[in-house]
Amino acid sequence: MTPLLTAEAITVRYGSLTALDAVDLQVPLGQRHALIGPNGAGKTTLLDVVAGAARPVDGRIRLAGRDVTRLGPAARARRGVGRIHQRPAVWDSLTARENVLVAALPRAERAGRWYPSARRRAAGRTADTLLDRVGLTDLAAVPAGQFAHGQRRQLEIAVALAGQPRLLLLDEPAAGLSAVEVGWLAEFLRGLPRAVAVLLVEHRLDLVYALCDTVTVLRDGRTLATGSPAEIRASVPVRQAYAEGVT
Amino acid sequence: MRALRMAVGAGVLVGLVAAPWAVDDYTVSLLARTLALGLVAVGVALLTGVAGLPTLGQTAPYAAGAYAGALAGGQLSDVGPVQLLVAAAAGAALAAVTLPLVLPARGVVLLMITLAIGELAVVLAGRWTAVTGGTDGLAGIAATRPLWGLPVLATDRSRYLYTLVVVAVLTGLVLLVLRTRAGLLLRAGRDDEARLRASGHRVPAQVAGVHVGAGAIAGAAGSLLVTAQQYVSPADFGFDTSALLLLGVVVGGTASVGGALIGAVLVVAARDWLFGALPGQAPLVLGLAFVVAAHLLPTARSARPATRRGRASAPAAHPARRPAAMTGVRP
Amino acid sequence: MPVDPYVVPALDGVAYGLLVFVAAAGLVLCFGVAGILNLAHGTLFAVGGYTAAALLDGSWPSLALALAVGVAAATAAGALVAVLLTRVAAAGHLTQALLTFGVALAGGSLLVAAFGPDDPPVRVPAALDGSVAVAGHRYAAYRLVFIVVAAVLAGLLHLVVRRTRAGMLVRAAVDDAEMVATLGVSPAAVRVGVLAAAGALAGAAGVLGAPIIGPGPDTADAVLLLSLVVVVLGGLGSTTGTLLAALAVGQIQTLGVALAPSAAPFLLFAAMAVVLAVRARGLATTRTAT
Chain B
-19 MTPLLTAEAI TVRYGSLTAL DAVDLQVPLG QRHALIGPNG AGKTTLLDVV AGAARPVDGR
41 IRLAGRDVTR LGPAARARRG VGRIHQRPAV WDSLTARENV LVAALPRAER AGRWYPSARR
101 RAAGRTADTL LDRVGLTDLA AVPAGQFAHG QRRQLEIAVA LAGQPRLLLL DEPAAGLSAV
161 EVGWLAEFLR GLPRAVAVLL VEHRLDLVYA LCDTVTVLRD GRTLATGSPA EIRASVPVRQ
221 AYAEGVT
Chain F
839 MRALRMAVGA GVLVGLVAAP WAVDDYTVSL LARTLALGLV AVGVALLTGV AGLPTLGQTA
899 PYAAGAYAGA LAGGQLSDVG PVQLLVAAAA GAALAAVTLP LVLPARGVVL LMITLAIGEL
959 AVVLAGRWTA VTGGTDGLAG IAATRPLWGL PVLATDRSRY LYTLVVVAVL TGLVLLVLRT
1019 RAGLLLRAGR DDEARLRASG HRVPAQVAGV HVGAGAIAGA AGSLLVTAQQ YVSPADFGFD
1079 TSALLLLGVV VGGTASVGGA LIGAVLVVAA RDWLFGALPG QAPLVLGLAF VVAAHLLPTA
1139 RSARPATRRG RASAPAAHPA RRPAAMTGVR P
Chain Y
690 MPVDPYVVPA LDGVAYGLLV FVAAAGLVLC FGVAGILNLA HGTLFAVGGY TAAALLDGSW
750 PSLALALAVG VAAATAAGAL VAVLLTRVAA AGHLTQALLT FGVALAGGSL LVAAFGPDDP
810 PVRVPAALDG SVAVAGHRYA AYRLVFIVVA AVLAGLLHLV VRRTRAGMLV RAAVDDAEMV
870 ATLGVSPAAV RVGVLAAAGA LAGAAGVLGA PIIGPGPDTA DAVLLLSLVV VVLGGLGSTT
930 GTLLAALAVG QIQTLGVALA PSAAPFLLFA AMAVVLAVRA RGLATTRTAT
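Chains as they are written, first to last, in my numbering: chain B, -19 to 227; chain F, 839 to 1169; chain Y, 690 to 979.
Accuracy of the hints is not assured; some may be wrong.
[What the hints assert, rightly or not] From the structure, some residues in chain Y lie toward chain F, with a derived Cβ separation under 8 angstroms:
1) 772
2) 776
3) 794
4) 845
5) 855
No lab work stands behind these hints: they were computed from the structure. Glycine included, each C-beta is placed from N, C-alpha and C at the ideal position.
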């Protein structure tokens, strides 16, 4: 079966610096896939390339077999790529519910609801459901600009899920969260339906090993190893790489 | 808060309706012109405040609408709504033609490009003598008929009231549109455009839409200007007009469309009064007023260029969050 | 089509273009380094122009004096704008635009009050008052000399930006303003320096260019518009691009007017549209890789 996401020989350069050097990656439907590696390994860059926010100088990105290398972030989002940023990105002057509503609109359009009020109703239902799932129902009418960091993270997850993604890109979702919030996050991600594949960049290895079934280790823009958490934990080169500079 | 806003709005409206009976004819005609400028300010607020796309160039579609309205009045129809439609179409068309210039730009770059467009439009109006009458302008424009079958607007008072009705209707229309998802999307684009793309929205189409919409509003305002003063020349669309509009919008509280209308009317009225009271020193006083206003206005002072991605961590409350004036050209 | 009648407008275009370049270079500096749209830039040019009109009496020393006074006055005015901006530095572009517009309005009004509402005549040094033969045409000697001087000035500017430490800082700031802040250079000092330097450029252009774009109540607006168009056309920050754009605008404004009198303003629009449309595509590819 065609994997959901295929990255082939992705190369990205910033001036003379090579951020990614012919990286390959495959994420089958429903997989929980982690990207780990020292700072500067190119993890976020790879997420950028998959999301369409950065363009590789070489290589291809395929979504369900279709070449999307030349498509921008919006077109990829419409093809089922959802994203959570390192800094939670939400719309500050909109309320929590409006945030999710806005994010749900493109999906409602695709679902063939061309009549505006029907579209808005469909998006509104999605928003209410998702706010409930991330536990923000009580704060639905509060502008996101007044949210604390953890709440922004929760909201961004709802925003990302509003597009009903097949592939969810998570860039260090646990960064800056309290222990309680990290527990909530792990629980939430574990509860995601298998219809959603996850590509997770995370420094907290406990979270990675608890959630993911496949781990890819990047270092200096190259793939060092890919395997199950057990294999990665046992791998000598991975340990060496981490001994030299882990976070 | 909401009730207060409604009360202020109602008060202003009553004042505006009663105004022509309180002052002389000349002032009434000045007020009509000022209202037309207020409508342009509504478009400026839509772009600058709501959508976070700062502009100094709305005088360009304003001028296009004014000349188109004047020509339509002379050759097509003396009926107001027809002229308004033609003028709005001309303003929208001008905005559409300049889209390739403004679409990729944000922040101070957009400010520069729109200013250049506005200034070039004035130069064009001054040189394209065959159509615009050059720097002499177009005079002797026939009086407008507010609707089919009604008598023409023969007095300053009637022209003022016609302008007031049109401005009120169009501003109300803008406020209604902003309450739909269009308003949500524009505000979301101002807050964080990258997030909007990442959610699958076609941001360039939205930016194009608000530019063309604001162009149509400015165009309609141009037709009102022609109806109100029955004369049009490039002097109506100078650089100072753009700056006054921007000041009015900032005074009115950037993101508020109604506030922008009131702010612009106040600022333009103050300018007109100043030029009457101190003919020699008016530009100097006005210039100093701009400098002082830039220092004093709370909205202006708290308007910070936002980062592309909001804030690192959000403290509980942000007083007076103001438009994101993003910097730079983006893809 | 005979080329002959177009030699003079073409040369005028070069002089005009170089003049606009020197003025626009100041605007690039403000915008590129400090991120400020200085709407008073045209007024600083007018300061130089009026100084020239007041001081030039046809002798060489008067030209040197006018240049010194004009540059000093415009530099001081630029620094004044920077000082006024200091208190609103944290505020957005809108506030900066309002403030610099206020300075332009007040400054323009003061200039008119001091020098009168008419365009004052400008007397060039007697030795340059005549005309010389260029390819069989009589051409104003001053303009020919101006072309040389402005070309030297443009070359010097290029050297300063490319070779000196200040120039390196400027280029670094254009690329990444935050990085310069980490070098320990105060942003306020950079702002004053940049706006003063931009004022000096505008002042020099105003004095030397007074016989070409003379001082008058409309000068400030016209120069600001031309500079804006040139900066936008030139790629918003590149010196070479600005130079090429200025030369192109010079030709459009002179040769273009001679060839197709009614089309010149359209040509400026069209040039901007074409360049920006092409560049938007180019930027999209270069930006996403960074």
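Problem set entry | Numbers of the earlier hints that this structure fails to satisfy, in rising order | 1, 4, 5
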